[in-house]
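Q: Take the sequences, apply the hints, and build the full model.
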Amino acid sequence: MTTKNAQFNASATLNAAERNQQADLTVRDFRLKAILGELHALAQMATALFNNLHVSSSTEYRVQGNDGT
-12 MTTKNAQFNA
-2 SATLNAAERN
8 QQADLTVRDF
18 RLKAILGELH
28 ALAQMATALF
38 NNLHVSSSTE
48 YRVQGNDGT
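Residue numbering for the sequence shown follows my numbering, beginning at -12 and increasing consecutively.
Calculated from the structure, these hints are not laboratory results.
Remember, predicted model here, so these are calculated numbers, not experimental data.
Don't take each hint at face value.
Unchecked claim - Beta-carbon label-pair distances, calculated as ranges:
| no. | residue 1 | residue 2 | range |
| --- | --- | --- | --- |
| 1 | Asn7 | Ala33 | 33 to 43 Å |
| 2 | Phe(-5) | Thr34 | 50 to 60 Å |
| 3 | His41 | Asn2 | 56 to 66 Å |
| 4 | Ala3 | His41 | 49 to 59 Å |
| 5 | Asn7 | His27 | 25 to 35 Å |
| 6 | Thr(-10) | Ala10 | 22 to 32 Å |
| 7 | Arg6 | His41 | 46 to 56 Å |
| 8 | Asn39 | Arg15 | 30 to 40 Å |
In this text, a Cβ means the ideal position worked out from N, Cα and C, and glycines have one as well.
A: Pasting the structure below:
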C-alpha cells in the first residue's frame, strides 16, 4: 500500500511539474513574441528614418539672385 501511495505522489508531483513547466514556457513564448514585435516596429522606424535622411540629403535648395557682385 505504501508503494502505491509513493507512486501516486511521485506521479502527481511529476504531472504538476510538467504543467508548471508548460505554463512557464507559454509565458516565455508570449514575451519573446512581444519582443520580436517591438524589434520589428523599431526596424521599420529606422528604415523610414534612413530613407527620409537619404531623400533629404539629395534634395538641394538654391536661391538664384543677386550675390552682391
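Q: Now look at each hint and say whether the structure bears it out.
A: Verification of the supplied hints:
no., hint, result
1, Asn7 x Ala33: 33 to 43 Å, "39 Å, holds"
2, Phe(-5) x Thr34: 50 to 60 Å, "58 Å, holds"
3, His41 x Asn2: 56 to 66 Å, "58 Å, holds"
4, Ala3 x His41: 49 to 59 Å, "57 Å, holds"
5, Asn7 x His27: 25 to 35 Å, "31 Å, holds"
6, Thr(-10) x Ala10: 22 to 32 Å, "30 Å, holds"
7, Arg6 x His41: 46 to 56 Å, "53 Å, holds"
8, Asn39 x Arg15: 30 to 40 Å, "36 Å, holds"
In this structure, every one of the numbered hints holds.
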